[in-house]
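Q: Given the coordinates of chain A, work out where chain B should sit on it, guided by the hints.
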Amino acid sequence: MIGKRVRFETTNATEFVDITELLRQEVLRSGLRMGRLHLQSLHTTVGLTVNENEPLLLRDFEGLLQRLAPENAGYEHDDFARRFDIALDEPVNGHAHCRQLLLAGFATVLVEDGELVLGRWQSVFAVELDGPRHRELALQLDGEFSSPAHHVGRSAPPAKRARPDGAKGARNTDLVELELARQLLVDPEPVSEPMRRLVEAGGKRLRPKLVQLTAGIGPRSEPLRAAALGAAVELLHNATLIHDDYVDESTHRRGRPTVAAAEGPERAIAVGDYYFAKATRLIAEIGNRDVTSTIAAALEAICASQIDDVALRGAFPGDHDSYLRVVRGKTAALFAAACAAGALLSEASREVVDALRRYGDLLGVAFQMADDLVDFSPSSGKPVGLDIRQRVLSLPLIYAAEDRTVGPEIRRLLEGSLGDAEVRHVAGLVTSSGALQHVRDEAQALVDAAVRELETVELDGLRPTLIGLAHSAVDRVS
Amino acid sequence: MSVHAIDRELDRLESLWEDGLSDTYRAYLEAVAGYEPTAQPKLALAAALIEIGVRLQGLGGRAAAPPTLLMGDLCLARSSRLLADAAPQAVQVAFARAIEELSAAAAAGRAVPPTRGLLLDALEAR
Chain A
3 MIGKRVRFET TNATEFVDIT ELLRQEVLRS GLRMGRLHLQ SLHTTVGLTV NENEPLLLRD
63 FEGLLQRLAP ENAGYEHDDF ARRFDIALDE PVNGHAHCRQ LLLAGFATVL VEDGELVLGR
123 WQSVFAVELD GPRHRELALQ LDGEFSSPAH HVGRSAPPAK RARPDGAKGA RNTDLVELEL
183 ARQLLVDPEP VSEPMRRLVE AGGKRLRPKL VQLTAGIGPR SEPLRAAALG AAVELLHNAT
243 LIHDDYVDES THRRGRPTVA AAEGPERAIA VGDYYFAKAT RLIAEIGNRD VTSTIAAALE
303 AICASQIDDV ALRGAFPGDH DSYLRVVRGK TAALFAAACA AGALLSEASR EVVDALRRYG
363 DLLGVAFQMA DDLVDFSPSS GKPVGLDIRQ RVLSLPLIYA AEDRTVGPEI RRLLEGSLGD
423 AEVRHVAGLV TSSGALQHVR DEAQALVDAA VRELETVELD GLRPTLIGLA HSAVDRVS
Chain B
23 MSVHAIDREL DRLESLWEDG LSDTYRAYLE AVAGYEPTAQ PKLALAAALI EIGVRLQGLG
83 GRAAAPPTLL MGDLCLARSS RLLADAAPQA VQVAFARAIE ELSAAAAAGR AVPPTRGLLL
143 DALEAR
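Listed in order, the protein sequences are those of chains A and B.
Using the working numbering, you'd call the opening residue of the first sequence number 3 and step up by one each time.
Using the working numbering, you'd call the opening residue of the second sequence number 23 and step up by one each time.
Only chain A is shown next, with the shape it has when bound in the complex (with noise of 0.2 Å):
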């Protein structure tokens, strides 16, 4: 038998953690192949439970949960002054521990043939009732064991779990996942630990699923070769991470210390260069040069904007268009390449190609407006006012300093130095102003934009899972 404990970040009040995919990598490094896997919750208010990961349905289990035990019911729980012990962090939650009784604190999932045991639709959650927070769960598992290095060389395991997308898509995302992981076995462990804390902290692989999707609407249809260049492209991602990380000071990414400050900067130099250029050459191995000159023309848009973006910091907070300009590089250029690479990849029509690309530039753009808009909200689990500190381009930051009212204020307090206070301020005038439903105005009408790239031409099918991920790139802020 073996125990271990897995952890995890939350980002909101209520959250449907879907851990299926960390509970199936757990299984796969284990080598368990036929028995059971227990999981327990640490926490008095995180549940478990396991159901279908529509993001509708999980909209529809926080209503109900927020219908029997409403936030302002009144707790007994919440009365502090007829309470002993109370810790002086100790939060009002009565709602969060009724809440939880609803739920189970604890699961079995069956294993056979080293997989998960899980229905066409099923799959695993933790239930976050009191975030955002760091979480934990018990993990055993027990039964037959066989080396762990056998499971991980199977090239495609039958997939199990099932997305809204559809088997299809979670078998893709599982190659992908696959993939990474037998990229870095066979690294040098200096750079390839550096790079699996990174990768195994999360991250919403959107780069790689926009890749397998493109990569399935053309006549040639691989889904290897699309997860080995999903694959790459998430391990460039990555890659740019990792610099960006020590040009901007960050010190945490993903909820874990970056590589320039767990290891210093000259390790996180070599780490970003390795997987540079091991991401380069797993795309030149697909042998496809039209693939190749993509990517390669968006790693370059990157690196100019990145320069750029560095350079605006002295105009801070900058303005509409010097934003629009960085994006379009430092984001939307991946977005773009991946969804070009993916269709190019499949043998799509050049008008395929191009109305991708477009679609991939907006959804980029939109993306990096609702990322932006993460920043000021206090549930997001990041500090709120992380870019001001930082002094990272913000749209929000820069449509509140172009305010009549706030305006003033604002800029006075970014030509001074930002401490705490002064971050603080500057992140409630951002607020008070009408610049975060600006943003969100305008990200949205750039998925609407996305979207209808989309309608001028055939797509296999797959218009609908592509209108849904552009929607939920904004809807994780609204």
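Accuracy of the hints is not assured; some may be wrong.
Every beta carbon over 10 Å from chain A, so not counted as near; a handful from chain B, in silico [said to hold, decoys possible]:
{"#": "1", "residue": "TRP39"}
{"#": "2", "residue": "ALA55"}
{"#": "3", "residue": "PRO136"}
According to the in silico footprint, chain B covers these stretches of chain A (three or more CB under 8 Å from chain B) [stated by the list, open to error]:
{"#": "4", "segment": "190-198"}
{"#": "5", "segment": "257-268"}
{"#": "6", "segment": "299-310"}
{"#": "7", "segment": "419-431"}
Quick caveat, the hints were computed from the structure, so don't treat them as lab data.
All of these numbers come straight from a predicted model, not from anything done at the bench.
By construction, the Cβ of each residue, glycine as well, lies at the ideal position given by its N, Cα and C atoms.
A: Frame of chain A; chain B shown alone:
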């Protein structure tokens, strides 16, 4: 060989050209003589950009300041695009492996092998 052939590939890198990139570029011209004439300047520039890029970044030594690192990153990215345009697949792979070797050594704290030797070998990979 005319420098004009690569003028447009030097966007944002003009100051580097004056500051040693041109000499490094010329050092690779002989090694690319066996390639198609149109590919030769791009390949020589790609190799020179990698050599200058990793030097700017401080790979294997003291880390560069952020703006210098970003310039080094741009050199590597530009090189990658030039190789995608002009190099056979085997040479693209060989160049990437050369950078992997350099950076793996740097990450492990080992002595970084001479960049030029690795890149000259990579140019032989076609």
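Q: Give me the numbers of the hints this structure contradicts, sorted from smallest to largest.
A: Going through the list in order, the structure violates hint 7 alone and respects the others.
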